[in-house]
Amino acid sequence: MACIEAHGLRKSFGSTKALDGVDLKVEGGRILGLIGPNGAGKSTLLNAVLGLIPYDGDLKVLGQDPWQARDRLMRDVCFIADVAVLPRWMRVWQALDYVAGVHPRFDRTKAEGFLARTQIKKKSKVRELSKGMVTQLHLALIMAIDAKLLVLDEPTLGLDLLFRKQFYDTLLNDYFDHSRTIVVTTHQVEEIQQILTDMMFINRGRIVLNCSMEDFEARYTELTVRPENAATARTLKPIGERQVLGRSVMLFDGAEREKLAALGDTRTPSIADLFVAVMTDKTGQTQGVVP
Amino acid sequence: MSMASESMPANSPPAPQSSAHPFAWSVRRELWEHRSIYIAPLVVAGLVLFGFLVRVIHLQQTMKMLGMLKPQELHLALAMPFGISAVAIGITGLIVAFFYCLGALYNERRDRSILFWKSLPVSNTTVVLSKAAIPFLVLPAALFVTITATQLIMLALGSAALAATHMDATILWSSWPLFKMSLVLIYGLVAMTLWYAPIYGWVLLVSSWARSKAILWAVLPPLGLCLAERIALDSSYLWSLLDYRLNGYLHEAFYFPPHPHGHEIGDPLALLALTPEKFLVAPGLWLGLVFGVGCLAGAVWLRRSREAI
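Read top to bottom, the protein sequences are chains G and C. My numbering puts the first residue of the first sequence at 74, with every later residue one more than the last. My numbering puts the first residue of the second sequence at 1301, with every later residue one more than the last.
A few of these clues could be false.
Stated by the list, open to error - Below, in silico cross-link-like pairs of lysine to aspartate or glutamate (DMTMM-like), each with a Cα-Cα straight-line distance of 20 Å or less:
no.: 1; chain 1: G; residue 1: K196; chain 2: C; residue 2: E1330
no.: 2; chain 1: G; residue 1: K332; chain 2: G; residue 2: D288
no.: 3; chain 1: G; residue 1: K196; chain 2: C; residue 2: E1333
no.: 4; chain 1: G; residue 1: K198; chain 2: C; residue 2: D1411
no.: 5; chain 1: C; residue 1: K1578; chain 2: C; residue 2: D1543
no.: 6; chain 1: G; residue 1: K194; chain 2: C; residue 2: E1607
no.: 7; chain 1: G; residue 1: K198; chain 2: C; residue 2: E1333
no.: 8; chain 1: G; residue 1: K204; chain 2: C; residue 2: E1330
no.: 9; chain 1: G; residue 1: K90; chain 2: C; residue 2: E1607
no.: 10; chain 1: G; residue 1: K196; chain 2: G; residue 2: E185
no.: 11; chain 1: G; residue 1: K195; chain 2: C; residue 2: E1607
no.: 12; chain 1: G; residue 1: K198; chain 2: C; residue 2: E1330
Claimed, not checked - Covered by chain C, according to a simulated footprint, are these stretches of chain G (three or more residues, beta-carbon under 8 Å):
no.: 13; region: 159-171
no.: 14; region: 175-183
Don't read these hints as lab results, they were simulated from the structure. Virtual Cβ for every residue (Gly too), placed ideally from N, Cα, C.
In isolation and in its complexed conformation, chain G is listed as follows (with noise of 0.2 Å):
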């Protein structure tokens, strides 16, 4: 059984298409990025498989349809949709109290343990934590549940680096092992590259690429070239190019790294970059602008 299962999944505001037929599919032990610019579905999308607004079409999370069964959905998925969701008039213990009472595989021990590395005391409001302290406790009550997907919608947003990169490090470290699923969407993709197995770019309510990261690595060579190469690199055919230090760096889909590295120094592309070639048409504007 597939962690997350799409077929034609769609969803309208009004004349807004925000999904426009979605068929993903979403095993389970994977690390998926969601990338997108603003307003290309990721969140919908997200919303439809957390069971939190209705859609036309099929999904199936962990074998259940999200929008009818949530309660029972939610003892088997965590999510931290957005920042700064906890509520701020909860005190740190009511929070450990409250998940303990209503979660069945919620492990206080475990919140605790993670809880004692950071600087949050139990007595704390929620509103009297910074933002970085917040994340953290909630990062701390998600850990300790033994869910097998857990989704976050831009979990960093707001946050300074070292909170951002001991968020991950925590996650990758402390929670996750094969047999979970992380779905993360995020706009410092490069932050995220090293820790995910699989890719997902959605514009527009569609998907416009799906694949691992074993798969983006054969696939997408980046060349800097050698000024005098340059002609040459471009009869390749590569997907995107943009001009560093004045010198013509160019992404390649498919092409062969030998017959590019005679041309210049090649190197696997960071999904930022691959995000804007996709994402650009020839005319140098994005398409998530343009309609």
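Based on the hints, put chain C in the right spot on chain G.
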């Protein structure tokens, strides 16, 4: 809408720990967030006690005044502070219930914490019922305890003061027979809660629906309809309906004899007869309950699809 089926669907594997009690913890959660539920009645009880204490301290004067009364009036005068304490704390409870309901399903959307609550395995039915449990169960219970405790303290204070001035304290206990009056209080609170069920239901529904200014949405549409009827049809049927809902409970649940019988002197019940037989057959009660349950069902439905504002 049973809790058992919510927390233990038949087709899911047994949870590793079966200690999850979503409903009880959700109610507790409400008490954490809304401490006014018990603090407001306690504050009013404190004020009532303070007023009573002042009166007791000036006992000489008070007794002089009371001494001039006829026996029947004396009993009434002695019972009055007890009645006032119950009414004052009870009305506080109603106000707390109204404002609680107004924010119950609105605040969580406004501060976006609904995204946290919805990330936990608690059904919308459990959430709405746990919030409804505050005005329907928790508050009446809190009011009962607060009022009874307040009256007990008043009796003790009054008795001590009377004993200190070598007067007969039993007159106080016969003017306000506490045990009997606490049964009346239970009846009154239960009847009041049932009677106001459609109001609680309506306000909870508005709270789950409104995107802003929940208080206006709760109050203005009923008043607006009354006004529209008045202008369009020059009648005030809706207004009398509203008035009946707000004030009818006293007339359906109690009977106030205009001329208390002489032989019942000393019994406050002479002034206040319980009429459960009339209350329970009042169509207004049952129609109201149906409306209230409908509103709660609507609130469950809305909570499922409403997003953070």
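Distance restraint between K196/G and E1330/C, which requires alpha-carbon spacing of 20 Å or less | holds (18 Å)
With a cut-off of 20 Å on the C-alpha distance, tell me whether K90/G and E1607/C pass.
-> holds (18 Å)
Quick one, are K198/G and E1333/C close enough, alpha carbons at most 20 Å?
-> Holds, at about 11 Å.
Residues of the region 159-171 of chain G with Cβ under 8 Å from chain C, three needed, outcome | Held - the region 159-171 of chain G has 9 residues with a Cβ nearer than 8 Å to chain C, which meets the minimum of three.
Within a Cα-Cα threshold of 20 Å, do K1578/C and D1543/C meet the stated pairing?
-> Satisfied, since the Cα-Cα distance of roughly 19 Å is no more than 20 Å.
For the pair supplied as a hint, K198/G and E1330/C, confirm whether the alpha-carbon distance does not exceed 20 Å.
-> holds (16 Å)
Chain C over the region 175-183 of chain G, status - at least 3 residues with CB closer than 8 Å = Coverage by chain C holds here, the residue count being 4 at a Cβ distance below 8 Å.
Keeping to a limit of 20 Å between CA atoms, is the pair of K332/G and D288/G held or broken?
-> holds (19 Å)
Starting from K194/G, check that the Cα of E1607/C is at most 20 Å away, please.
-> This hinted pair is violated, its Cα atoms lying about 31 Å apart.
Taking only the CA atoms, is the gap from K196/G to E185/G under or equal to 20 Å?
-> holds (13 Å)
Take a quick look at whether K196/G and E1333/C sit within 20 Å of each other, Cα to Cα.
-> holds (15 Å)
Decide if the proposed pair is consistent with the structure: K198/G and D1411/C, CA atoms, cutoff 20 Å inclusive.
-> The hint holds at about 15 Å.
Violated hints, listed in ascending order, are 6, 8 and 11; each of the other numbered hints is respected by the structure.
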